Structures are given as structure tokens and as C-alpha cells.
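Protein chains in written order, with our numbering: chain U, 1 to 271; chain V, 1 to 423; chain A, 1 to 185; chain C, 1 to 457.
A hint or two may mislead.
To be verified - Restraint-style ranges between C-beta atoms, simulated for each label pair:
1) U:Asp134 - A:Arg51: 53 to 61 angstroms
2) V:Leu60 - C:Ala108: 20 to 28 angstroms
3) V:His223 - U:Tyr29: 24 to 32 angstroms
Claimed, not checked - Straight-line alpha carbon distances no greater than 27 angstroms define the calculated DSS-like cross-link-like pairs of lysine-lysine that follow:
4) C:Lys120 - U:Lys11
5) U:Lys230 - U:Lys185
6) U:Lys249 - U:Lys185
7) C:Lys116 - C:Lys244
8) V:Lys327 - A:Lys143
9) U:Lys130 - U:Lys55
Stated by the list, open to error - Listing some non-contacts, in silico: residues in chain C with all C-beta distances to chain U over 12 angstroms:
10) Leu32
11) Leu46
12) Ala67
13) Pro77
14) Ala91
15) Met93
16) Val97
17) Gly114
18) Leu115
19) Pro264
20) Ser350
21) Val382
22) Ala389
23) Ile392
24) Asp427
25) Leu454
Because the hints were derived from the structure by calculation, they are not lab data. No experiment lies behind these values; they were computed from the predicted model shown. Note that the Cβ used here is the ideal one computed from N, Cα and C, for glycine as well.
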Amino acid sequence: MSFVPGLGIAKGMALTLRRFFEPKATIQYPETAPDIAVRFRGRLQLLYDELGNLKCETCFQCAQACPVECIDMGGFDTMGRFHVHWGAPEQYAERREKSALRRSGRPVPDPAYSHFDPVDTAVVEGILEKYDFDPRQMLAILESIQRTYGYLPVAALKRVSQVSGAPYALIYGTATYYSHLRFEKPGHIVAVCLCTSCLVAGSSRIAGTLARELGTEVGRGSAAGRVDLKQLPSHVPGATSPLVTLDGKPQPVTATGVAAWARALAGRSLT
Amino acid sequence: MPPRRGADRPTSTREKPQAGGQPSTDDPRIILDRQIGADLFEPIPPYPPRTEREGEFYTLADGEMFLNVGPHHPATHGVLRLVVKLSGEQIVDVDPVLGYLHRGVEKICENSDYYHVIDQVDPLEYISSLFQEWAAVLSFEKLMDVTVPRRAEYIRVLSGELLRIASHTLYMGFLALDLGGLTPILYGFIERDEIVEMLAALTGARMLFNYFRIGGVNGDLNHEFMSRLGDWMSRAARQTEASAGLLNENEIFVRRTRGVGILDRATALRFGVTGGNLRAAGVPFDVRRAHPYSVYPELDFNVPTRTEGDSLARYLIRVDEVRESIKIIDQCLHNMPDGPVMARLPRLLRPHPGRAWGACEGPRGMMGVYSISDGSDGPFRFRIHDPSFINMETVPTLLPGNLLADTMAIVASLDPVMGGIDK
Amino acid sequence: MDRTLETRLEARLADHLRGPVYQRHDETEIRIEAGSVPEVLRILHDAVDLRFEILADLAGVDTGEVMQVVYHLWSPLTSDWLRIIADGLSRDDPRVPSATFLWIGAEWLEREAYDMFGIVFEGNRDLRRIFMPPDYTSFPLRKDFLLPDDAARSPGAGVRHVERACAPAALADDPTAGVRRAPAS
Amino acid sequence: MSSVGGFVRGFPGQFWRRLSLQERLALIFAPLAIGAGVVTVLAIVLLGPPFLDFLRANLPLVRFAVAATAILLMTVPTAFVIIYLELKVIARMNLRVGPNRIGPWGSAMSVVHGLKVLSKEDFAPTGADTTVFTLAPVVTYMASVMTLLVIPFAPGLIGQDLNIGLLYFFAVGGLTVLGLLMAGWSSFNKYSLLGGLRSAAQIISYEIPLTLSVVGVILLAGTMSTNRIVLAQSGSLFDWFVFKQPLAALVFFIAATAEANRTPFDMTEADSEIVAGFATEYSGMRFGFFFFAEYVNVFIVSALAATLFFGGWTAPFNWPLAYNLNWFNPWSLGFFGWAAIVLTVLVIGSEFFAVIVKLLGGREWSAWDAMGLGFLIDLVLVVGVLGLAGFIAFDWVQGIFWFLVKTYAFVFTFVWMRATLPRVRVDQLMGFAWKWLLPASLLNLFVTATAVVLLNR
């Protein structure tokens, strides 16, 4: 406070008067767009690529990261399979069952297994026991689960998520990354015999055609996961070469007709 | 259920005058109608006092009256409700009523995991969000024995001090606004907006930055931020001086604030007040110096203190702190190290069971977080200590004896943020 | 981590400590009985070689089995935060002597702990709910807190302050008292 | 309702129900209109001549009525202008833009404010004393408008040249506080009560230095008639009383600020302390009255300051060139002559400017826009030319010009202070009035009186 009475007031008045003529700070919004920072994440949106396809790969990372767990999503992943992420309540129930119980004694509703084919998830506990619930060994865990069930039941994955505490997105990402892990029961098993006589009869070309038509390789599940292509361990006695079996029954397939047969099989299995 | 105290006290001032002849009803609307003209406009709670204090507060001596300041009052910060007992315009006693903004953040945090806690605490003191994050992150890092890269620490200090300046400029504006000055608040907002835009370029958000991470920060310095910062730093000091010059020497302002709401050293210590309000009372307690927690030991700044402890001192302390913060930002820019901004951490955070207390110096004082881990993926107990809470607690001590006109001046000079007080 | 603090504490508070002094990072932690809180705080505040002047925080904790009250103190003489855990409060009727005789500021902190945990601080002159509505019947931060049932039980469900004309004491006995009913026409 | 229902149910109801709404309205109002017209014509025919005689008999009354009406009507646009000024100036001082959407540069903003206030619900709170509650704004508004009666706008342009003009001014201006007190008391609200009492205390304690500071001027001018006070200052800049009475001018300005409840003395509606003071419970047009009264007060106080200390409508310097238009008799042209002149000037001028605009503006100006702008430019130009001519020719135009310039300079100062200064506390306000302003005005009065006595001897 200055000693001259009124000096401070005069200074203030002078300041405001100067500001009266200075350029203004207002941004006339509709006319002049505000310059928004590049990193500004005020707006959430799904991106589309130049072909107009949705870029979302249904990796569930966003649903996992959402603090209030308000994201409830579904969509096609890279392998063309439809998946749904159940919303907040199931989140709490599945990921936090133990902790929620421990923390608040709140009666946690049954995990939403009714969404899936019911499988006995007790085995999963055993498997996790073996890997001592360590999410870092997720691949091994998933492989042994697939060895047990023949595929990866989503119920089992949810169970893994909830017991080991690993985010579902992590498990799901691992499961979708490795192409030898699959989410569906194999529908049909097509086996090709590669014994000498069959090779002579051109079964290798047949195997190649089958693999091409079914979109897979020998020893792998097909992309749609519905047909498995395998190699017969040994020639069925009394069968004609080249020998191709469908679910164990020999099929009358020739090197020329195999393509049509495989297409028909794929079509049939798709229905 | 512990027994409630004073539940048996006589409800002398609370007898509703029942209109004669009408049957008594428990329909609140009818009760309301009957109260009209009686004590409907008295903020007396319709139940017997729970404590001696409440009882004596809500009993009027003759010549006194109650005045409800807030929760919807032009000058209350947030939804604060002060029940003021007046005789004339003299304040006899005050009873702050809190809880209008209570969200139960602690419970929410106990039910979410460590990643989610960080932006659950953001809206607490929405004017300076980074500091809650900082406190939480400090305590979590202690829980998990994480060491933060130096660059990350420097970025934390940089952004934190920027936000401190933003908060203080807003504080000056609000203080002036509560004293009836229209202009400083807008200058404050203009300056804050520059800083906030800057931080938006760095963190991606204007208000609730979810920027600090356990073991670092989310995202490195970028060119846009640096250019905006340089542009601002070139005129920051001048701007601050100009905005402060509007008030510092203004006779009216000085007369309104000098000697008003004196919080002396002993009382401040007994209240556990921290931050600028304590330093204005002459105690040089600044967590950045008293208990260094980041790279602050390497930085050169001093802790301004004053001895008066009145509203003017509290205001001037803020002005000095803005200058200090500008110094700190300058140093951060000059010796900003290279390197990563995040420590390498496992994807899944499950600290061993333990307890940790992290505290940092926010614009309003010490912002502390006490978290207990039980080995799961989320905190078992998450306790937030908010400085505004204690600052607000001093109000019933500071106000009595002053005039009603000083209510908002004193409250504003304590710089409360209801979002933090009500948790 | 300040080793000398440990020795000083043990020298001063030998007969109050429950278990050893625990130190980690820049925190020193001691556990005491609920009953000995006033003496311990008094010693910590007044002793010339301790001088813990500033009450940094006062928190209630519900471990599921017992209740705790946790004090954090700061002293200009040491580089450690001091944490005092008053342990072993019964969950049915948790009671602790108040710290307001040293720090007035503890009053509202204790009110908050009472509001959230139901911990009764004996000697606090103004121990009432601070955040929750005055007719609230349960304590939110307890681990056995059940949200939906509680909302149903709370007599103040959706009823404004002015409209309610009944004492919380009565509510304790009859939870449905004061719930707004249809006007008797 | 029942009677109407019965009417509708009866036989005429059949016929009534067949009509459309417009027909019904016509059926109701046409007879009324016809009747009213007939009555008017009869009244004019029968009572016209004696009425005219009556008017001629007492012209002063007529003149007074006309002046009062004109002043009453003048207040509203004045308030609008000052409100707009306040919005815009404060905004610019806050580094904002201010109203800029409605009307050119947002100049219609205050009008829209007025309409909004008019269209708002107007209710009285439960428990309020409705009669007093309704009367209060009217009292305030009328009190502030009545003071305008003695403000000389220009030579000969004054509501009523009372020889006790100043006394009248302060007497009536003091009534304002009555309205505020009524408002604070009647609207069953503690904030209002505090505001009313504050305003009472404040205005009572500031009336005294205000009046005392003026007494010096009265001594110098030797009269209380505002008009003659202005005449006493006529001449050059240095005949203004502000140079003879600087202290009085300062005291008057400060006290007048408090009198008009302007920042830094706006105790009565200190929004950060007592929500809106006496106006807390008011809404709609009742609030509008208070709102207008405040700004009319600003105008009045500025006008009085200009009148008493800054020479009112007198020019600051002697205007060299002046010619009279007495040779020109406007009636000689007759109505059609005037119409022809106005039309030609407007139409031809607008077309001319429209062409210019079109040529300069090029594509983006459509023909209609160009014509609109041309018309505006032409109008401005014509008005400017006429105004200049009038300024040179008629001294009352000059007077109004200088009067408005001075008054609005003061209004700007008030707004400027509001944009800058915080509010003083109520006890400091009182202390300032009694400890500083009152002694200062007394000192000034003493010195002036002594000087007058000595000089006259």
C-alpha cells in the first residue's frame, strides 16, 4: 500500500484503461476455431481406414482401461470371429470376485458364464495352480487349457482372468495372437494319409489342395476353426489310395475331385 | 451403533407451531405449510442436537439471528453452506455444513485397481488435479519400491509448478471477486487458460489430466507444449506482476484484507493447517523443503513466509509463490535430463502387503495419501488427506467477531475447494 | 530412513509400544494401544528430541477383523514421517481417546472417521456426521458396508432435510421412521 | 364460467359454436371499437373547444405535463444506453469482447435484456408483504425519475425551472432510499433486510456531505435554480465551478457514487455478501424497475455533477461561427413539400450509396444488401448534416450536445470504477463518510463562505 493516498487506486484504473484498448482474449468460437492441442483426448471416436472399414480390432483394451468401466463392446476380431465384452457388472463380478468379497462382503452375482457353453472350470484352477497363477506364463497356460478342452472356452478364459487377476484383454490378446490357439470346437477332422502308396497315388497334392481350399495347413485348424486337417498316423488297412478320411470314415476322393469335395465340405460345415 | 450424544436434550427451539384444530400429520408437505412464517427460514435441524456443540450453536440468544450462507450463494466456492449466527452484521458463530459434494472417492478407489485410482482422485481438487495424482502415485511407488526416472521427475515438477501458478492466479481472482472486484478473476482465468492449454498439449486434458503414472508420466514432452511454454515464459513474470498490481497496492483491497481473519502461528499449528495459510502465519513448512519428495532438493527456490497471518498475508504469500514457481520452471527447463519417462513395470501391479504414506505440496497445502495394500490388484484402504479440509476447519475460529461482509473475504483467502473438502 | 529416530522413540515410548518400531522408505511406524494414545501423542508433541508438531493426517482403518486409527505426524527434527497405529479396536464398539486436546484440527478429522467408520473419539466435543446426512444409519467405509441394502434401510431415502421431523436417535430403533408416506387425505 | 356455459348451452350457443375464433373475436370487439370511436368523436365535437380554451388558459400546466411525460419516456432509452455501455466497457476492460451478437456490435443487447425482464415470471415469495413488495420498485423508480425534472439539458430545455431546484433534487432524491427500505422489509428475506438497512444507513450518511458540498456552489452562484447555476458558469472552461470548488467537486463525486449505489460503494446489492441485497427476492418487471432505477440514478448523478461543476450545457469554449436560420420558415413548404424533399433525399441518396457499395463491394454484396447499407449510410449522413447544421444554428442543440458529452464522460467514469475497484466494507464506508467527507465538505463550505464575504465587501 503506497503512502500517497489513492495512488494504488489510480494505478489500478490506469491498468484497466490500458486493457480497454488492448487486443481481446475472447475466441469467437464458431467464426474462429480454437487451436486444440494435438494430444488432446477430449473426444473418443472409432477410426475407419481409407476403405471405410472399422479399425477397431476388438482387443478390449479400451474397455479394460476405462476407469468407470462404462465401455461395453462387441465386434469382429482379426480372425473374423465375433466377440462381446460384457459391461461393468460382469467386470466387477469376474475380475474382482475375490477382492470384492474380501473388501465389502457384498454378495457378488454369479459370474456371467451363462453367456457361454458351460464347461467345468475346475480344471482351469488346477492348470493355474501348476503355473502358480502367473500371468507372465499366459501362453503356456492357454496351451495347456487348449490341450485339455481341445480349444479355448471363453468361460475358461474368464475364469483365468478372474483367478489370476490378469486383465481379460491381456488373455484375449494372447489367445488371438497365436494362430494355433482357437476358440471353437473343431467341427470335422479331415485326415490325409501320406504313406508311400498314397504318396505315389498323389496324396501330397491332395493335401496341398485341401489345405488351400480349407485355408489352413496340415496339422492346423482352419481359419474358421471348423475343419481340422491332419495327417493319418497310419494307412487304414484295406482302404484305397489316396486315402482321405472325414471324421475317421474313408472318403472316395480323387486328386481331381478333391477341390470340389473340399469346397463342398467347407460349405456344408459352414451351414 | 455407538450411542448418539445429546439425543436426550430438550428440543426447545424446535417446536413446530401446529395450527390449532388441524389434525397432526406426518406428511412433510403439510408440515412445511404449517411451518411457513414460523421457523422454516431458520436453518435449525428438525431433530434434537447430537452434540453439546450443536445444541449451543442452534440456540439463539436474543438479538441474534441465523443466516444461511449457501449452499447456493454467489460467493461460496462450490456448494459450501455456512450457517452463520449474526447479531446485526456481527458474526457470533459459524457452523459449516459439508457433504453436499461427497462422492465417496475413497470407497471408489478401494474398489478399483491401482491404474484406475489415479484418475479417480483427479476431480478432488479440480483446480489442481495433478497434485492428488502426485500424492497417490508417491504412495503407490513407495508401496511397490518403484524408482522413477529423473526425466519423469523433472516433468512432474514442471507440470506441477505450472498448475500451481494456474491455481494461484485463480485464487487471486476469486479473492478479488468475493471482495467485489470484477476484473481480476477474468485476468486470472485468461492466464490459467494459457497454462491449461499448455498442459492439454502435454497431458491431453485441460482439467482432469490423467497424466502421472506409477513409475513415471504418461507421455514425454512434445514440441507443441515446449513452444507454448516458451511463449508463455517470455511474458509470464510481467503478466503476473500486472495482474497482481491491480490489487496489491489498491487501498480498498488492502483495507479489506489487512488484519482480517488473523490465523496466528500457534493456532495454525494446533489446527494442523498446511500450505500458504501456515506460511502466512510464519511457519516455514513446505513439504517440498521440509520433506523433499521429488527432485526438489536439486532445485533452487525459497519458501516465502510472513508473520501477520491475516488475509492480506495469505494473498501476498500466493503472489510470492507464483514468482518462486516461475523460477522453478525456469530451472526445470534448463536442466531437464534425457532418458525414459516411465520405469519398466509389470503389466499387472500387485504390491506386497504393506502401508505407505505419500505427501506432496499442493497449492493449498500438503496433499497426502495413505494407502494399504493387501497384495491384491487394488488398494485395500485408500485415505486422502486434503488440505482444504483443514483450512475450512479454521473458519469457525476465524469468522466470529468479524462482519458479514468479511465472511467471503476470509473464506476465499483460505482458498478452499469443495471438491476436495467433501471428497 | 532415520535410525536415530527409532532409538529415540524406543527410549521415550518403551512402555507404550506394541511390537518393534518398523521403518520403511522415509516412514517410521509404531503400534500402540488405543488407550495410550493421549500419552503417546503428548510425549511425541512435547519431547524436546521429538517435537512432532504438525498432525499430517488422522485416518480410520477397518482391517476386517479390527479397527485402527492411524496418525501421521511431522517433526522438523527428522526426515521421516511418523505413523502411529492405534490398533485393536473392536468393530462392535470402537472407542479411542480424542486427539483434540493437542490438535484442534483433529476435530473434523475425527468427525470424518466417525462418519465413515463409526469410531467414537471420547473427548471430541462435536462428534457428529460431517459428510453423510444426519439420519444416516451405517458407516460407508467399513468393509461390511452393503450399499443396496443400506440405501433401502436409510430413512432419508429421497426425503429432503426440511421435510424430516424425527431424530436420528429414533431412527436407530425404528429404521423406517421418517420415511415419507403418502399424504393422509 | 357457469354463466358462459349456460349461455353456450342456450340457443345463441348453437350460433356461437358455429363461429370460428376470429369471427367470435370480431363479434366481441367490433361493437366495442365502433362504440368507442363514436364516443370519442362526440367527445371531441362537444368538449373540444372548451378543452382547448382550458389548455390555453393554463399553459404552464400543459408544459409541465408534456415535460414530465417526455422525461419519463426518456429514462428508458437512457437506461438502455447506459446498460449497454456498462456491458461493453467492462467487457473490454476485462479483455473480453462483450455483447456482439444482437444488433450491430451487440447494441440491442440491453433492449433484449429489458424484454427478457418483461417476459419473466413475476412472483412474490411466500410470507412477503405483497402490497409493500409491489410498491417498493415503483417508489424507487419514480423518485429517481422525478429528480430529472430539474436537470437543465439545454437553454430552455428543462423540466421545471424551480428556484429551489437543488433543494427539490435532494429532497426527492432522498426518497429513493424509502423504496429500497420498503423492498428490504417487505420481501421476507434476511438478505433483503440487511440490504435495505445498509442502503438506508449509507444514503442517510452520504446525503449530508453531498448536500454540504453543494452549498459552496450555491453560495457562489447565489441561487438554487440549476438553470441559473449553469448560466453562472457560462463563458469559457475556467468559469466552471470545478476550478473554484475542487474539494467540493471531489466530495460531491465520491458522495454521489455512494448515493447512486455504485462500486466501490454498492453495499446494497453486494452480491458476494448479501446475495442481491434488497432485490434478492425480486423478479420480472419489479426487478426491472430497480434495475432501471439504478442506471437512471447513474445518469442523474452524472448529469448533476456536470451541471454543478462542469458548466452543464455550456460549451467549454466560445463557439466562433454562428448563423441563424430565422429566415427559414419550415411551414412555408407545407406537408407535401417536406415529403418530396425527404423522399428525394432518402431515395436518391440511398440509391447513390448503394451503387457505390455495389461497385466497391463487388460480388459478395447482393443488390438488397447494397441498398440496405446505402440507405444506412445515407441516413447517417443526412442526420449528421442536419445535426451539424442544428449545432451551428440552434444553441439548444449545442447545449444538448455538450451536456450529453459531459454527462456520459461521468457515466464512463462510473463504469470504469466499477470495472476496477473492489467493494469497501460497510463500516469502512460509514467511517469514510463521517470522518473524512463530512469534515472536508464543512471545511470547503467555511472557506467558500469566507471568500464570498470578503470578495463581496
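Against the structure, the hints come out as follows:
The beta-carbon spacing between Asp134 of chain U and Arg51 of chain A, approximately 48 angstroms, falls outside the hinted interval of 53 to 61 angstroms. For the hinted restraint 20 to 28 angstroms between Leu60 of chain V and Ala108 of chain C, the CB-CB distance of approximately 51 angstroms leaves it violated. As the Cβ distance of His223 of chain V to Tyr29 of chain U is approximately 26 angstroms, the hint placing it in 24 to 32 angstroms holds. At roughly 41 angstroms between alpha-carbon atoms, Lys120 of chain C and Lys11 of chain U are farther apart than 27 angstroms, so this suggested pair is violated.
At most 27 angstroms may separate the alpha-carbon atoms for a hinted pair to count; Lys230 of chain U and Lys185 of chain U meet this at roughly 15 angstroms. Taking the CA atoms of Lys249 of chain U and Lys185 of chain U, the gap is near 19 angstroms; set against the 27 angstroms cutoff, the hint holds. Restraint check: the Cα-Cα separation between Lys116 of chain C and Lys244 of chain C comes to about 46 angstroms, which exceeds 27 angstroms; the hinted pair is violated. Proposed proximity of Lys327 of chain V and Lys143 of chain A is contradicted: the alpha carbons are some 46 angstroms apart, above 27 angstroms.
Restraint check for Lys130 of chain U and Lys55 of chain U: the C-alpha separation of about 38 angstroms exceeds 27 angstroms, so the hint is violated. Residue-level check passed: Leu32 of chain C sits 50 angstroms from the nearest beta carbon of chain U, beyond 12 angstroms. No Cβ of chain U comes within 12 angstroms of the Cβ of Leu46 of chain C; the nearest lies about 62 angstroms off, and the non-interface call holds. The claim that Ala67 of chain C is not at the interface with chain U holds, since no C-beta of that chain comes within 12 angstroms of its own (minimum 37 angstroms).
With a cut of 12 angstroms on Cβ distances, Pro77 of chain C stays outside the contact zone with chain U, its closest approach being about 25 angstroms. Against chain U, the non-interface label of Ala91 of chain C is violated: not every CB pair exceeds 12 angstroms, the least being about 8 angstroms. With a least beta-carbon separation of about 4 angstroms from chain U, Met93 of chain C fails to lie farther than 12 angstroms from that chain, contradicting its non-interface assignment. Against chain U, the non-interface label of Val97 of chain C is violated: not every CB pair exceeds 12 angstroms, the least being about 4 angstroms.
With a least CB separation of 25 angstroms from chain U, Gly114 of chain C remains clear of the 12 angstroms interface cut-off, as annotated. Remark: the non-interface label on Leu115 of chain C is consistent with the geometry, its nearest Cβ contact in chain U lying 24 angstroms away (cut-off 12 angstroms). With a least beta-carbon separation of about 9 angstroms from chain U, Pro264 of chain C fails to lie farther than 12 angstroms from that chain, contradicting its non-interface assignment. No beta-carbon of chain U is positioned within 12 angstroms of the beta-carbon of Ser350 of chain C; the least distance is around 29 angstroms.
At roughly 32 angstroms, the least C-beta separation between Val382 of chain C and chain U is larger than 12 angstroms, which holds for a residue marked as non-interface. The Cβ of Ala389 of chain C sits about 33 angstroms from the closest Cβ of chain U, beyond the 12 angstroms cut-off, so the non-interface label holds. The non-interface label for Ile392 of chain C is consistent with chain U: the shortest C-beta to C-beta separation is roughly 32 angstroms, beyond 12 angstroms. For Asp427 of chain C, the non-interface assignment is confirmed: its Cβ lies about 19 angstroms from the closest Cβ of chain U, beyond the 12 angstroms cut-off.
With a cut of 12 angstroms on Cβ distances, Leu454 of chain C stays outside the contact zone with chain U, its closest approach being about 31 angstroms.
Consistency note: the structure conflicts with the earlier hints numbered 1, 2, 4, 7, 8, 9, 14, 15, 16 and 19.
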